[in-house]
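K.L.:
Chain residues, written in single-letter form:
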Amino acid sequence: MSKITIPLGPQHPALKEPENFMLVLEGEQISGATVNLGYNHRGMEKAAESRTYIQNLYLIERVCGICSHSHTTTYITNVEELAKAEVPQRALAIRTLFAELERVHSHLLWLGVAGYEMGFETLFMYTWRDREQVLDCLEMLSGNRVHYSINTLGGVRRDITAELKAEVLKRIKFLEERTQYYIKLATQEPTVLARTSNVGKLPYDVAIERGAVGPTARASGVARDVRKDEPYLIYGQLDFKLITHDTNDVFGRLVVRALELVESYKMINQILNHLPEGPIAIKIPMKIAAGEAVNHYEAPRGEDIHYLKSNNTDKPERLKVRAPTLANLQSVAYMMEGGWLADVPLVIAAIDPCMSCTDRAAVWNPKKGKTEVYSWEDMRKLGIEHYKRRGVDFGRL
Amino acid sequence: MDSIIPLAYILIFPGFLFLAVYGLYLQWVDRKLCAVMQNRMGPPWVQPYADFIKLLAKEVIVPDASTNKTMFRVLPFFAMAAVITALVSIPVWGPAAMYSFQGDLVVAIYLLTIPTVTFFLAGWSSASPYSTVGSMRVLTQLFAYEVPLMLALIGPAILAGSWNMSEISAFFSANPRFIPAQLLGFLAALIALQGKLERMPFDIPHAKNEIVGGQFTEYSGRLYGFFLLAVDMELVVGAALVNAVFLGGTLGLSGWAGTGMFLAKTLFITFLLALLKVLMARIRIEQMVNFCWKYLAPVAMAQVAFDIFLKYKLG
Amino acid sequence: MSEFQTEEKVKAGLEAKFPGAVTNALVQRKNRVWLDAAAEKLPEILAWMKAGGFNHLATVTGFDEGENLGAYYHMTDTKMIVTLKVKTPRANPVIPSVLAVFPGAVSYEKELEDMLGIKIQGLPAGRRYPLAEDFPVGQYPLRKDWKTEDYLAQQASLKTESK
Numbered sequence: 156m157s158k159i160t161i162p163l164g165p166q167h168p169a170l171k172e173p174e175n176f177m178l179v180l181e182g183e184q185i186s187g188a189t190v191n192l193g194y195n196h197r198g199m200e201k202a203a204e205s206r207t208y209i210q211n212l213y214l215i216e217r218v219c220g221i222c223s224h225s226h227t228t229t230y231i232t233n234v235e236e237l238a239k240a241e242v243p244q245r246a247l248a249i250r251t252l253f254a255e256l257e258r259v260h261s262h263l264l265w266l267g268v269a270g271y272e273m274g275f276e277t278l279f280m281y282t283w284r285d286r287e288q289v290l291d292c293l294e295m296l297s298g299n300r301v302h303y304s305i306n307t308l309g310g311v312r313r314d315i316t317a318e319l320k321a322e323v324l325k326r327i328k329f330l331e332e333r334t335q336y337y338i339k340l341a342t343q344e345p346t347v348l349a350r351t352s353n354v355g356k357l358p359y360d361v362a363i364e365r366g367a368v369g370p371t372a373r374a375s376g377v378a379r380d381v382r383k384d385e386p387y388l389i390y391g392q393l394d395f396k397l398i399t400h401d402t403n404d405v406f407g408r409l410v411v412r413a414l415e416l417v418e419s420y421k422m423i424n425q426i427l428n429h430l431p432e433g434p435i436a437i438k439i440p441m442k443i444a445a446g447e448a449v450n451h452y453e454a455p456r457g458e459d460i461h462y463l464k465s466n467n468t469d470k471p472e473r474l475k476v477r478a479p480t481l482a483n484l485q486s487v488a489y490m491m492e493g494g495w496l497a498d499v500p501l502v503i504a505a506i507d508p509c510m511s512c513t514d515r516a517a518v519w520n521p522k523k524g525k526t527e528v529y530s531w532e533d534m535r536k537l538g539i540e541h542y543k544r545r546g547v548d549f550g551r552l
Numbered sequence: 201m202d203s204i205i206p207l208a209y210i211l212i213f214p215g216f217l218f219l220a221v222y223g224l225y226l227q228w229v230d231r232k233l234c235a236v237m238q239n240r241m242g243p244p245w246v247q248p249y250a251d252f253i254k255l256l257a258k259e260v261i262v263p264d265a266s267t268n269k270t271m272f273r274v275l276p277f278f279a280m281a282a283v284i285t286a287l288v289s290i291p292v293w294g295p296a297a298m299y300s301f302q303g304d305l306v307v308a309i310y311l312l313t314i315p316t317v318t319f320f321l322a323g324w325s326s327a328s329p330y331s332t333v334g335s336m337r338v339l340t341q342l343f344a345y346e347v348p349l350m351l352a353l354i355g356p357a358i359l360a361g362s363w364n365m366s367e368i369s370a371f372f373s374a375n376p377r378f379i380p381a382q383l384l385g386f387l388a389a390l391i392a393l394q395g396k397l398e399r400m401p402f403d404i405p406h407a408k409n410e411i412v413g414g415q416f417t418e419y420s421g422r423l424y425g426f427f428l429l430a431v432d433m434e435l436v437v438g439a440a441l442v443n444a445v446f447l448g449g450t451l452g453l454s455g456w457a458g459t460g461m462f463l464a465k466t467l468f469i470t471f472l473l474a475l476l477k478v479l480m481a482r483i484r485i486e487q488m489v490n491f492c493w494k495y496l497a498p499v500a501m502a503q504v505a506f507d508i509f510l511k512y513k514l515g
Numbered sequence: 046m047s048e049f050q051t052e053e054k055v056k057a058g059l060e061a062k063f064p065g066a067v068t069n070a071l072v073q074r075k076n077r078v079w080l081d082a083a084a085e086k087l088p089e090i091l092a093w094m095k096a097g098g099f100n101h102l103a104t105v106t107g108f109d110e111g112e113n114l115g116a117y118y119h120m121t122d123t124k125m126i127v128t129l130k131v132k133t134p135r136a137n138p139v140i141p142s143v144l145a146v147f148p149g150a151v152s153y154e155k156e157l158e159d160m161l162g163i164k165i166q167g168l169p170a171g172r173r174y175p176l177a178e179d180f181p182v183g184q185y186p187l188r189k190d191w192k193t194e195d196y197l198a199q200q201a202s203l204k205t206e207s208k
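The listed protein sequences correspond, in order, to chains A, B and C. According to the numbering used here, the first sequence holds residues 156 to 552 in order. According to the numbering used here, the second sequence holds residues 201 to 515 in order. According to the numbering used here, the third sequence holds residues 46 to 208 in order.
A hint or two may mislead.
[What the hints assert, rightly or not] Facing chain A, according to a computed beta carbon distance under 7 Å, are these residues of chain C, among others: (1) GLN50; (2) THR51; (3) ASN76; (4) ALA103; (5) PHE108; (6) THR123; (7) LYS124; (8) ILE126; (9) PRO148; (10) GLY149; (11) SER152; (12) GLN200.
[Unchecked claim] Calculated cross-link-like contacts (lysine-lysine; reagent style DSBU-like; alpha-carbon spacing at most 30 Å): (13) C/LYS54 x A/LYS201; (14) A/LYS201 x C/LYS62; (15) C/LYS95 x A/LYS383; (16) A/LYS239 x C/LYS164; (17) A/LYS239 x C/LYS124; (18) A/LYS320 x A/LYS356; (19) B/LYS408 x A/LYS339.
[Unchecked claim] A few chain C residues that don't get close to chain A, going by computed Cβ distances all over 12 Å: (20) VAL105; (21) GLY107; (22) GLN199.
Hints in this document: simulated from the structure, not taken from any laboratory. We treat Cβ as the ideally placed atom computed from N, Cα and C, and that holds for glycine.
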């Protein structure tokens with residue numbers, strides 16, 4: 156049978172971020188696959204070298220829209236280690252709480268995406284609606300739905316009051332019930348089983364060989380979780396299980412993520428019910444003594460590792476960010492080969508590739524016939540004018 | 201005058217105009233039902249009409265690489281014409297169809313196969329990798345669902361002792377107690393119809409996550425609009441066919457009452473199809489072929505055997 | 046240093062196995078070991094460490110210290126992070142590839158080539174990563190002498206008219 160080469164990306168309905176997969180097809184089966192990356196390189200590591208530590212915090216938050224807390228926490232752990240700062244326990248607990256809320260929101264998002272990629276739109280709609288509950292929690296606690304910016308050098312920005320705690324616990328209780336329903340659905344619905352079992356096989360050895368991390372590795376039986384291996388924040392004091400699965404396929408990744416949700420709810424309850432008292436932040440000097448630190452963190456998608464080198468100034472000498480997706484993408488080509496074309500989107504989605512976002516908008520103005528780039532100030536003005544015409548004046552705020 | 205009435209049949213009711221308006225309406229019903237079942241708002245009822253009119257106003261782009269540009273342009277109308285022709289022999293507003301003759305069931309089934317073939321040709325003549333894979337899937341799927349569909353439709357025909365759809369529905373109208381006995385065949389026909397209409401979980405040929413738009417990837421503007429319209433019309437005709445063969449058509453009513461009965465029943469069938477769509481994940485093409493041959497065809501076969509047994513018992 | 050026994054053991058083991066190739070070894074704190082490694086011995090050291098349980102190359106950080114370019118290889122057995130610092134002269138920067146030991150490291154090594162201009166010996170040629178195909182050859186953004194302003198000044202097409 157003749158071979159067809161199909162490009163999947165950089166723009167494709169199954170992908171939410173620009174990346175490219177060239178698939179060689181024999182009929183419906185894939186005989187070869189290559190992964191091409193780098194469509195979204197924004198030079199953040201270079202940019203970080205010309206910004207102060209506190210400015211970098213907001214830059215690093217924008218590495219990824221979904222795991223914004225993961226990247227800032229890893230970065231800030233490095234900074235605090237170099238500054239030899241003792242961060243109050245209450246701040247660490249609040250960071251842990253956000254880390255777990257973020258995991259809940261990321262895993263629910265993934266469940267929906269997986270449903271969409273296997274053509275199960277009902278699952279997609281249901282999980283995304285339930286995900287609003289956890290986004291509400293994050294908004295209540297930090298003021299933002301996705302970029303929470305709860306971290307600040309030396310602690311956290313906002314405290315948790317008793318009312319907020321009650322509201323969060325109420326929503327988590329609701330989510331716990333829903334998650335039980337999804338676990339039942341994922342393990343019993345015949346079409347979901349048909350689409351996920353024995354798809355995207357990644358044996359234990361290959362997972363190790365290719366450096367897979369996070370739920371992708373754990374579904375191949377690799378018991379690798381930074382929260383257990385090198386407890387950071389207050390994970391050492393929490394009671395939770397390390398979830399692994401041994402089917403090595405997309406079904407395993409589905410189960411691992413669903414069960415991790417349950418563990419996260421457990422942890423959120425523990426943190427909120429035993430929140431240590433005390434201040435939520437301490438002061439950290441602007442200039443940080445020369446030194447280097449490397450720290451890792453269990454982001455929802457896997458191990459996130461940052462390296463930071465300081466040089467006695469208020470700006471870092473070198474910052475290195477390695478997001479979990481980069482480690483996992485090496486396994487994708489292996490998982491796709493020999494599989495079906497229909498499974499490709501699901502296999503790609505199963506590692507939960509991370510989206511990135513840009514920070515300015517370009518607008519085409521047909522009257523003037525040229526592209527205008529709006530700066531942040533312009534966008535703000537535009538927004539205020541827009542609402543002024545509708546009778547709401549944000550300019551006075 | 202004699203020539204005007206048949207022309208009105210074909211162009212206005214129950215032909216082109218009615219099919220187009222009702223088809224787009226059913227599309228809305230389907231979308232709204234799915235939306236409600238999926239915990240969403242869904243579109244307003246004008247949405248399908250607005251979409252269609254918008255598509256008519258858009259530019260048509262024929263790919264340079266297209267293997268046969270004339271065919272590329274003609275195919276949507278071919279698909280639509282075949283669907284409209286199929287309706288001519290299906291009873292709509294009364295017990296009898298516009299033109300009924302012995303064997304019109306077989307003719308209708310074959311006319312309903314033509315759109316699928318045009319989908320294949322459309323994908324193949326687009327000469328894009330996505331459409332090529334899509335059109336291969338269209339054909340593979342055709343061989344999977346066509347046999348169970350035929351088998352399921354044969355059962356009632358044997359029981360009624362006629363290959364004429366009007367006579368079959370008259371038979372069931374006269375003997376409504378036989379309608380529940382056709383349950384297995386009815387379900388098999390519904391599932392096969394879902395495959396024929398390429399709806400979830402059988403929307404494999406144009407699975408957007410895998411091959412973008414499938415066989416329609418290169419279609420745009422007016423041509424794409426007419427293809428979508430043909431699919432919507434096929435939904436009406438498919439529902440009408442299942443109604444006439446399994447549910448006794450209008451149950452003997454005619455005129456306004458008959459039309460109302462027809463609308464109610466096609467809406468009911470659309471509801472069942474929407475339910476199928478919401479409940480399942482899209483399956484792989486090889487799973488679809490397996491399912492149709494291993495489970496659906498035997499079920500339809502069992503229905504045929506049961507109908508032969510009933511017929512024998514009745515004498 | 047008795048409180049960091051496992052760390053000291055790893056450090057001592059490496060120093061005993063590769064005398065001369067491993068220098069400046071330091072236990073920074075719990076679970077963190079830093080050491081300098083000779084570039085030509087790198088694949089050998091990594092292979093030995095991998096056999097000893099450090100089976101995850103977390104990432105590779107390239108750096109520019111002025112005279113020397115180089116890279117940190119962050120190895121972990123999931124608990125401890127052992128960072129190997131490999132230096133190579135700026136005039137002729139070459140580091141051997143570790144793909145034979147860690148096939149998953151291909152994107153990290155490509156990044157060293159693209160962003161710092163370190164030649165990786167044994168890395169198969171292919172598409173550029175992470176820079177775009179049309180990025181000027183011979184410019185290495187992560188080197189300290191590379192300035193964003195200079196680059197923007199060269200690229201007339203990137204100038205956008207501000208509102």
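K.L.:
Take the hints in turn and mark each one as holding or not.
P.N.:
Against the structure, the hints:
1. For the restraint placing C/GLN50 at the interface with chain A, the shortest Cβ-Cβ distance is roughly 16 Å, beyond the 7 Å limit, so the hint is violated.
2. Of the supplied interface hints, the one on C/THR51 is violated, with its beta-carbon coming no nearer than about 12 Å to a beta-carbon of chain A, more than 7 Å.
3. About 6 Å separates the beta-carbon of C/ASN76 from the nearest beta-carbon of chain A, less than 7 Å, and the hint is met.
4. Residue-level restraint check for C/ALA103 holds (minimum Cβ-Cβ distance to chain A is 5 Å; threshold 7 Å).
5. Contact between C/PHE108 and chain A, as hinted, is supported at the beta carbon level, the nearest pair being about 6 Å apart and thus within 7 Å.
6. Evaluation of the C/THR123 hint against chain A yields a held restraint, the C-beta minimum of about 4 Å falling below 7 Å.
7. The interface hint given for C/LYS124 is met, as the beta carbon of that residue sits about 5 Å from the closest beta carbon of chain A, less than 7 Å.
8. With a least beta-carbon distance of about 6 Å to chain A, the hint placing C/ILE126 at the interface is held under the 7 Å criterion.
9. The restraint placing C/PRO148 at the interface with chain A holds, with a minimum CB-CB distance near 6 Å, inside the 7 Å limit.
10. Interface restraint check for C/GLY149: the shortest CB-CB distance to chain A comes to about 4 Å, inside 7 Å, so the restraint holds.
11. The closest approach between the C-beta of C/SER152 and any C-beta of chain A is roughly 6 Å, which is under the 7 Å cut-off, so the hint is satisfied.
12. Because the closest C-beta pair between C/GLN200 and chain A is about 13 Å apart, greater than 7 Å, the hint is violated.
13. Of the pairs offered as hints, the one joining C/LYS54 and A/LYS201 is violated, with about 37 Å between alpha carbons and a cut-off of 30 Å exceeded.
14. Between the alpha carbons of A/LYS201 and C/LYS62 the distance comes to roughly 37 Å, so the proposed pair goes past 30 Å and is violated.
15. A threshold of 30 Å between alpha carbons decides the hint, and for C/LYS95 with A/LYS383 the separation of about 21 Å falls inside it, so the pair holds.
16. Proposed proximity of A/LYS239 and C/LYS164 is contradicted: the alpha carbons are some 37 Å apart, above 30 Å.
17. Restraint check for A/LYS239 and C/LYS124: satisfied, since their Cα atoms lie roughly 22 Å apart, inside the 30 Å limit.
18. Taking the CA atoms of A/LYS320 and A/LYS356, the gap is near 42 Å; set against the 30 Å cutoff, the hint is violated.
19. Pair hint B/LYS408 plus A/LYS339 holds up; C-alpha atoms about 27 Å apart against a cutoff of 30 Å.
20. Not every CB of chain A lies more than 12 Å from the CB of C/VAL105, the least distance being 9 Å, so the non-interface label is violated.
21. Taking the minimum C-beta to C-beta distance to chain A, about 8 Å, the non-interface status of C/GLY107 is violated against the 12 Å cut.
22. Residue-level check passed: C/GLN199 sits 15 Å from the nearest beta carbon of chain A, beyond 12 Å.
Consistency with the previously given hints fails for numbers 1, 2, 12, 13, 14, 16, 18, 20 and 21, ordered from lowest to highest.
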